[in-house]
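**Q** Using the sequences provided together with the hints, build the complete structure.
These protein sequences, in sequence, are chains A and B.
Quick note on numbering: the first sequence equals residues 4 to 293 in this note's numbering.
Quick note on numbering: the second sequence equals residues 487 to 752 in this note's numbering.
Bear in mind the hints are in silico, worked out from the structure with no lab data behind them.
Predicted model, so just to flag it, every value in this text is computed and none were measured.
Virtual Cβ for every residue (Gly too), placed ideally from N, Cα, C.
Careful, some of the hints might be misleading.
[As the list claims (entries may be wrong)] With the C-beta cut set under 7 Å, the calculated list includes, among others, these residues of chain A facing chain B:
1. Pro98
2. Glu108
3. Ser110
4. Ile127
5. Phe261
[What the hints assert, rightly or not] Partial pick of chain B residues on the chain A-facing surface, computed with a CB cut under 10 Å:
6. Pro605
7. Gln664
8. Val666
9. Pro672
10. Arg675
11. Asn712
12. Arg715
So the chains spell out like this:
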Amino acid sequence: MSTATNLHQVSRKGAAAATGGQPILTVDHVVKSFETPQGKVTAVDDMSLDVRQGEFVSVIGPSGCGKSTLFNMIGGLLSITEGEIAVAGERVNGPHPSIGMVFQEESTFPWRTVEENVAFPLEIQGVGKAERLERAQHFIKLVGLQGFEKRFPAELSGGMRQRVAIARTLAFQPKLLLMDEPFAALDEQTRLLLGDKVTQIQQELNQTVVLITHNITEAVQLSDRILIMTYRPGRTKRIIDIDLPRPRTSEIVGSDAFGRYVAEIWNDLREEASQGMQDEEALAQQRKRP
Amino acid sequence: MASTGVLTSSERASGWRPDPVLWVRLAIIVGVLVLWQVVAMSGLLYQDVVPQLPAIVAALGRLLVNPELYRNLWVTLYETVLALVFGGVAGLFVGIVLGGSRFFGRAFEPYLYYLGPTPKIIFFPVMIMWFGTGGGSKIAMGAFSCFFPVALSVAVGMRAIPPILMRVGQSFRASPRQMVQKIYLPAMREPVVNGLRLGFGIALIGVLLAETKLSNQGLGFLVIQNYQRFDMPAMYALLIAIFVLSMGANAAITRLTSRSAASGAR
Ligand SMILES: Nc1ncnc2c1ncn2[C@@H]1O[C@H](COP(=O)(O)OP(=O)(O)OP(=O)(O)O)[C@@H](O)[C@H]1O
Ligand SMILES: [Mg+2]
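**A** The following block contains the structure:
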C-alpha cells in the first residue's frame, strides 16, 4: 500500500512491518540540555519514540540537530536531563547489555586484526579464545569479510573498516543495533551496497535497528519508519511509515514510490536545514564583529 | 608477521645490511680515539689525567678479567632493575590516573612538572634515613628518579588515545581493569615504551650517582674508588664499561618491547 495518502500518515505507533508486542526501545519525553559558557543549550527537546522487535527505524535531521546526542543517551554514554529511556523494559542508566552501538567516527582498534576486533566484545564477556574466534568468524562472514581475518585495519578500505565495526557490534549480539551515521564517510556507491548488506543482515537476524543518518536515500532504502527531527532544539517533526516491499535491494532507489518518499522527506528537511544554515551564518557574522 | 601496520620497527630490527650511517658512527669513534691519543701524547694535559690509549686498553683488559667488576656490575644492575620496576609501575599507575581524569591531571600534574627536572640527588640524605646506607637507598633513588619521566609520558600518551576507542570499550561494558588492559595500554604502547626506556636511563643515573656518594659496592662505587686511588686508566676503562652497559640495556629494552608488540594484543 504505497499510495500518496499513506505518505502523509503520521504515526507514533509501530510500522506495519513490525511484529507488535512490547517495544524494545522506549524514548519517553526525553530532554537534553548542556550548560555552556554562553548559557543553557537544549540539544534534544521532548522527544518520544517506540521501537518494536525487528523494526528498522531511522532518525534523520540536519547537521547539529541533536542526533548524536540522542544516540549517546540511548546508548547510555550520556546522561538524560529529563524524561526516560528504557530498553527491553529496563531503564537506561549507563551502557545496557541489550544495546550495541556503531559510531560515526572510525572506531576499529588499529592494533587488533579483523578477527580480534570482531571478537572484542566476546573477550570482554570472558568467552574463551577458541570459541570467541569461531563466533567472530560467523559475523565476519555476515559482513562479507572472509579472507581478511588476519589483516589489520590499516590494510583495509574505509568501507571495510566500517564493516568490521558493524561485525564487532553484531558479535555483541545486541537486541537493539544502534548506529550513528555509520556510512557518512563513504562514497555514495559503497554506501548503497553496504545498505544492501545491512538490510540482508537485518532480515537474517531479525535484528532491531535504529539508524541515525542525514542521508535521505539511505533512510528510505533501509527503514520501516523514519523520524524527522527539527533543527535546534531537536524535536520530533514527524514520523513517516515507509511502505515499500521487502526484501529490498538498492535497486529500489530508482522506483517512483521511492522518489516520492525522498521528495516528501526533503520537503520537511529543507525548512530545517535552511534554518540551520541561517543560524550558522548569523553566528559567523557575530564572530566577525569585535 | 610480514605485513602489519606496526612492521616498521621489526623490519628495522631484522635488517642488518651495512648502512652508510654505520660507517659515520664508526668514523666518529675512531676520530675521538685519535684525538684523545694526540692530546695525550702532546703533553698539553697531565699524563695522569689523560692517559694514552694503550694504558686504557691494558686497564680495560685487567678490568674485564677481574671478578670484582662482575660482582659490582651485578649489584648495580640489580638495583637499577628493581628501581625501574618500582618507579616504572608507580609511574605507569599514576600516569594512567592523571591522564584518565581531567580533575586529577589538573590537580597534580603541576607538581610532577616542577619536581621532574629537580636533581633527585638532593633527596639522597632522606633516602639514606628511610632506607639505610645499603642497596635500599640506591634503589629508592633510582625509583624516585625514574618515576617522573614514566608518569609524565604515560599521562601524555593517555591523553592522546582517541576518545572514540574508549567509548567503544564503554559501550561493550568493559570493566575499568579491562579498559586499562585492552584499550589504554595497547593504544599507548609507544609512549609507554619510550617512558620506560627514558626511565631506565634515569634509574641507572640515580643508582650510579647514589653509589658514588655513599656505598661500598656497585659500579659507581668502583669509579669513585679508582678516582680516589688516582688510577685514571682504570677509571676510564670503567666508564667505557658503563657506557657499553647502558647502550646494551637500552637495545635490550627496545628489542623486548617491540617483540611483545609483534606478538600482538591477544
Ligand atoms: N557536550 C556538549 N556541550 C555543549 N553543547 C553540545 C555538546 N554536545 C552537543 N552539543 C550541542 O548540541 C547540538 C547537537 O549536537 P549533535 O552532535 O547531537 O548533532 P548531530 O545532529 O549529531 O550533528 P551531525 O549530523 O553534524 O553529527 C549542537 O548544537 C551541539 O553544539
Ligand atoms: Mg552526529
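**Q** How about Gln664 of chain B: closest beta carbon in chain A under 10 Å, or not?
**A** holds (6 Å)
**Q** May I ask you to test the interface hint for Glu108 of chain A with respect to chain B, counting a Cβ-Cβ separation under 7 Å as satisfied?
**A** Since chain B brings a Cβ to about 5 Å from Glu108 of chain A, closer than 7 Å, the hint holds.
**Q** Using the nearest Cβ pair, does Ser110 of chain A come within less than 7 Å of chain B?
**A** holds (5 Å)
**Q** Using the nearest Cβ pair, does Pro672 of chain B come within less than 10 Å of chain A?
**A** This hint holds: Pro672 of chain B lies near chain A, its Cβ roughly 5 Å from the closest one there, short of 10 Å.
**Q** Once the shortest beta carbon distance from Ile127 of chain A to chain B is found, is it less than 7 Å?
**A** With a minimum Cβ separation of about 5 Å from chain B (threshold 7 Å), the hint on Ile127 of chain A holds.
**Q** Hint Val666 of chain B vs chain A: min CB-CB distance below 10 Å?
**A** Constraint on Val666 of chain B not satisfied, violated at 13 Å.
**Q** Close enough to count: is the Cβ of Pro98 of chain A nearer than 7 Å to one in chain B?
**A** Nearest chain B Cβ about 5 Å off; hint holds.
**Q** With a cut-off of 10 Å on the beta carbons, see whether Arg715 of chain B makes it to chain A.
**A** violated (53 Å)
**Q** Are Pro605 of chain B and chain A close enough, Cβ to Cβ, to be under 10 Å, as the hint says?
**A** violated (38 Å)
**Q** Using the nearest Cβ pair, does Asn712 of chain B come within less than 10 Å of chain A?
**A** violated (48 Å)
**Q** Holds or violated: is the Cβ of Arg675 of chain B closer than 10 Å to a Cβ in chain A?
**A** Hint holds; Arg675 of chain B Cβ to chain A Cβ min 7 Å, cut 10 Å.
**Q** When the nearest CB of chain B is found for Phe261 of chain A, is that gap smaller than 7 Å?
**A** Violated: closest Cβ of chain B sits about 33 Å from Phe261 of chain A, beyond 7 Å.
Hint violations for this structure: numbers 5, 6, 8, 11, 12, all remaining hints satisfied.
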